[in-house]
Amino acid sequence: MQCADFKKLLSRFLEHELDEAQEKILKQHLEGCPACSRSLASLQKMVNIMRRMDNVAPPLDLISRVNQKLDQPGWWEQARRQVESWGIMKMPYPAIAVSVSFVLALFLSHYVTSISPLGKGISATARPVVVAKNEIKREPVASSIPPPVAQALEIASPVSKPEIDQQFASMRVPAADMKIVLSERSFGQREDAPMLLGEVPAAPAAAQKAPSLQKSADRTETMSPQPGNLIVANRQQNWRLTVASPIGEAQDRVITVLKDMRAQKIKRRTESAAKQPTAIFSFVVNYGQLSQVIEALQNIGPVERLTALPIPRPEAYMGTQGMPNPQVLEEQIPVELTIVR
Amino acid sequence: MAHTTQESRPQQDAAVADDRDLVTRCQAGDREAFNDLMRRHQRRIFNAVLRMLGDYSQAEEIAQDTFVRAYQAIKGFRQEAKFSTWLYTIAINLCRNRLRRNACACSRTVSLDEPIACGDGEIQREIPDTTQSPDKALEAKEQMGLIQKAIDELDDDFREVVVLRDIQQLAYDEIAAALGIAEGTVKSRIHRARHVLQERLKDVI
Chain A
0 MQCADFKKLL SRFLEHELDE AQEKILKQHL EGCPACSRSL ASLQKMVNIM RRMDNVAPPL
60 DLISRVNQKL DQPGWWEQAR RQVESWGIMK MPYPAIAVSV SFVLALFLSH YVTSISPLGK
120 GISATARPVV VAKNEIKREP VASSIPPPVA QALEIASPVS KPEIDQQFAS MRVPAADMKI
180 VLSERSFGQR EDAPMLLGEV PAAPAAAQKA PSLQKSADRT ETMSPQPGNL IVANRQQNWR
240 LTVASPIGEA QDRVITVLKD MRAQKIKRRT ESAAKQPTAI FSFVVNYGQL SQVIEALQNI
300 GPVERLTALP IPRPEAYMGT QGMPNPQVLE EQIPVELTIV R
Chain B
0 MAHTTQESRP QQDAAVADDR DLVTRCQAGD REAFNDLMRR HQRRIFNAVL RMLGDYSQAE
60 EIAQDTFVRA YQAIKGFRQE AKFSTWLYTI AINLCRNRLR RNACACSRTV SLDEPIACGD
120 GEIQREIPDT TQSPDKALEA KEQMGLIQKA IDELDDDFRE VVVLRDIQQL AYDEIAAALG
180 IAEGTVKSRI HRARHVLQER LKDVI
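Protein chains in written order, with numbering that gives the first Met the number 0: chain A, 0 to 340; chain B, 0 to 204.
Treat the hints with care, since some could be wrong.
To be verified - Selected chain A positions facing chain B (in silico; Cβ < 8 Å):
| hint | residue |
| --- | --- |
| 1 | L17 |
| 2 | A20 |
| 3 | I24 |
| 4 | K26 |
| 5 | H28 |
| 6 | L29 |
| 7 | E30 |
| 8 | L42 |
| 9 | V46 |
| 10 | M52 |
| 11 | R64 |
| 12 | L69 |
Stated by the list, open to error - In silico SDA-like cross-links for lysine to any residue, where the CA-CA straight-line distance does not exceed 25 Å:
| hint | chain 1 | residue 1 | chain 2 | residue 2 |
| --- | --- | --- | --- | --- |
| 13 | B | K74 | A | Q67 |
| 14 | A | K26 | B | R68 |
| 15 | A | K68 | B | Y70 |
| 16 | B | K74 | A | K26 |
| 17 | B | K201 | A | V256 |
| 18 | A | K258 | B | R42 |
| 19 | B | K186 | A | L59 |
| 20 | B | K148 | B | N92 |
| 21 | B | K186 | A | M0 |
| 22 | B | K140 | A | L13 |
| 23 | A | K6 | B | Y171 |
| 24 | B | K186 | A | E14 |
| 25 | B | K81 | B | A176 |
| 26 | A | K7 | B | S187 |
| 27 | B | K140 | A | N47 |
| 28 | B | K201 | A | G31 |
| 29 | A | K264 | B | R43 |
| 30 | B | K140 | A | K258 |
| 31 | A | K6 | B | D155 |
| 32 | A | K26 | B | A176 |
These aren't lab readings, by the way, just hints derived from the structure by calculation. Cβ atoms here follow ideal geometry from the backbone N, Cα and C, with glycine treated the same way.
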């Protein structure tokens, strides 16, 4: 047996799992082999250190947070209460059956015919504004989106998630068009709140066609439009937003703005993508706050790139186009902000 | 040199009996009994999740979800396994889901808005070690950080057994029950995982 073979036995030796013969041979070898003896000592040391790695105190409020969560009514309970408030529970069973069938049919027909792959709620011409909890109105926005993009956003009605995905893929705004759209978006126009502009093409083929499109290892795609331009891709799903800006010194201001916007879990990491030092902020905001956060970021300085990566979130498909689910608006979404020095 | 669990066997048996009693009360609707169960297990579950995910804020979330799920499902828990094993199973499943979700996400980050730093700064603070000099304590902290990093880079299967065996110091049969695999598989995984870890850490430990 070679040293490499003996080293593989060390862990079992520590656990007394070797048979007598194996243990004897190993012990003899250890006596004459300083390298294997050192290896055994380092293994023992590593295991000893790991045994001391379970002493981190849990959050002080862990139990109270669990209780708080348990006391919240679940979605089913909320629905049940809602139904009860309509007085349906007092109806005879046949009437309930008819009512449920009717509501189900209504929901399905609406779902099948009106849901858009680009989501419910944020469309090319209107943006949702939370007026109060569970109450939403749509505020018209003067559209500056060019016709090709606006047309691209008018998606036919999908009927299932695969079809939604397929249709969405086919309706991706080409990189070239995207640039045109971007050039019309200015950070100075605050009344023209940045909303849906399209999705960064994910296909490698598209990346090759557009020389300005970069694809990094972690699938983050960034575009290089004119300085001061903004793009917010939208699929009514989980958002991952990347902003790149030549304002390395403004990091503190970014943190201040994010805190002002009540963003949570603000984190920063640095990395060197393409030999360019980059600071990446990630944070979590309520879905309904996203547009306000973007607006606030405009005040920090010229932002060169803002891209978004949709992360699949099937439940986002529930609901109807134009009337976003208030629960979605209140949901916390992860956002990522990249600042390039 | 074999592993010994943190508590002696009679202590463990007493703890299991207490757990059974609390679970029974909880199944009868006693919420305070569940709070007691949480108090008894929160530290171990939190640390297991923390080591599994390598991120404090995510560990907070998953530990919380573990107890929420446990409470919601406790009426169906038949006490064939130990309560702690059952909790580990829930926690591990939630960790797996989270790691899958994180798979395409970014590298580790440092929190800026939370006073509790993630990583091993916490461990340094939490372990009262009066026997060590500051230099040694610093060295231990650094080594823990390096070990955590190496654990993060392990395959999920290896990470789970290392956390449960070497950090949580569970017995092989408990790990096998929590992971739903054979005891022999646990053993072979732990030895291979340690070998991988040792190879990766050979320059520092």
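Double-check A/I24 for me: the hint is only fine if its C-beta lies closer than 8 Å to a C-beta in chain B. Violated, because the Cβ-Cβ distance from A/I24 to chain B comes to roughly 17 Å (cut-off 8 Å).
25 Å Cα cutoff - pair B/K186, A/L59: Roughly 35 Å between the alpha carbons, so the hint for B/K186 and A/L59 is violated.
Has the given pair, A/K26 with B/R68, been kept, meaning a C-alpha gap of at most 25 Å? It is violated: about 48 Å lies between the C-alpha atoms, which goes past 25 Å.
Is it true that the CA of B/K140 sits at most 25 Å from the CA of A/N47? holds (13 Å)
Does the alpha-carbon distance linking B/K81 and B/A176 stay inside the 25 Å limit? This hinted pair holds, its Cα atoms lying about 9 Å apart.
Can we keep the A/L17 interface hint, with Cβ of chain B closer than 8 Å? Status violated, d = 11 Å.
Report holds or violated for the interface hint on A/L29, using the least CB-CB distance to chain B and a cut-off of 8 Å. For A/L29, the interface hint is violated, since the closest Cβ of chain B sits about 13 Å away, which is over 8 Å.
Under the criterion of a CB-CB separation shorter than 8 Å, is A/L42 in contact with chain B as hinted? holds (5 Å)
CA of A/K26 to CA of B/A176, is that 25 Å or under? Answer violated: A/K26 to B/A176 is near 33 Å, above 25 Å.
Interface hint compliance - A/M52 to chain B, C-beta minimum distance less than 8 Å: holds (5 Å)
Compare the distance between the alpha carbons of B/K140 and A/K258 with 25 Å, and conclude whether the hinted pair is satisfied. violated (31 Å)
Taken at face value, is the distance from the CA of B/S187 to the CA of A/K7 at most 25 Å? holds (11 Å)
The structure does not agree with the numbered hints 1, 2, 3, 4, 5, 6, 7, 14, 16, 17, 18, 19, 30, 32 stated previously, though it agrees with the rest.
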